[in-house]
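Go ahead and model the full structure; you've got the sequences and the hints to work with.
Counted the way mature numbering (1 follows the signal peptide of the UniProt record, and there is no 0) counts, the sequence shown spans residues -19 to -1, 1 to 162.
Some hints here could point you the wrong way.
As the list claims (entries may be wrong) - Computed spacing ranges between beta-carbons, pair by pair: (1) F23 <-> A145: 17 to 27 Å; (2) H88 <-> I129: 34 to 44 Å; (3) Q113 <-> H25: 20 to 30 Å; (4) A87 <-> A16: 31 to 41 Å; (5) E17 <-> G157: 40 to 50 Å; (6) D158 <-> V57: 43 to 53 Å; (7) G151 <-> A87: 32 to 42 Å.
Simulated from the structure, these hints should not be mistaken for laboratory data.
Owing to the predicted nature of the structure, the values given are computational and were not obtained by experimental measurement.
Glycine included, every Cβ here is placed at the ideal spot set by N, Cα and C.
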Amino acid sequence: MHLKTLSFALLSLISAGRAHESSQYPYVPNDLQCAEGSLPTFVHNSYMYIAPLDKFTNITGSFFNIAWEGGCPATVTTGTDNVPGVTRGGPCLGGTFNDTLTMYSAHPDALHTRTTGPRTHDSRPRSICGGQATYVDFISYICSKDQIATYTGWSELHVVSMQAIAGAIGAPILAGDCPGA
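Structure representation (structure tokens):
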């Protein structure tokens, strides 16, 4: 399935219900308050690749650069990139997206970001194997009227996105022990 088509299909599955707004900035609870007729859907994906963390964060580390995940670039931004409270948005095949960065925690061996919009999304790439490999996981909390389609769509979007990044940086899958172990 084409990445932009998949992104649009996912946007149409998400109800108008939003995640809790933060009362103690920048904390945003993970529990969703979904609109009537929709239910919370949780999608967790994890990946391990033989490549240093910075190879991934060079592509995924900017909140303003969302094109790597779904193919729909942010055309409107406010604030300073990677500072909690900053926003991004834009068109995506007839729909629109609007996200707010609520957490950005960068360290030499890990990056943890959280965004809210029509869903809450955590992205957590981490260095493993003494810096030789990277473990990435995504957790998405989404209100949806069709949980199965939403789960399948978001899971597929993450798989396709990570395969594209791994291919671009020449990172093979880490399918077991650390390299050289």
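Hints and how they fare:
1. F23 <-> A145: 17 to 27 Å: holds, 24 Å
2. H88 <-> I129: 34 to 44 Å: holds, 36 Å
3. Q113 <-> H25: 20 to 30 Å: holds, 24 Å
4. A87 <-> A16: 31 to 41 Å: The hint (31 to 41 Å, Cβ to Cβ) holds, given that A87 and A16 are roughly 34 Å apart.
5. E17 <-> G157: 40 to 50 Å: holds, 46 Å
6. D158 <-> V57: 43 to 53 Å: Between D158 and V57, where Cβ atoms are some 45 Å apart, the hint holds.
7. G151 <-> A87: 32 to 42 Å: violated, 24 Å
In this structure, only the earlier hint numbered 7 is contradicted, and the remaining ones agree with it.
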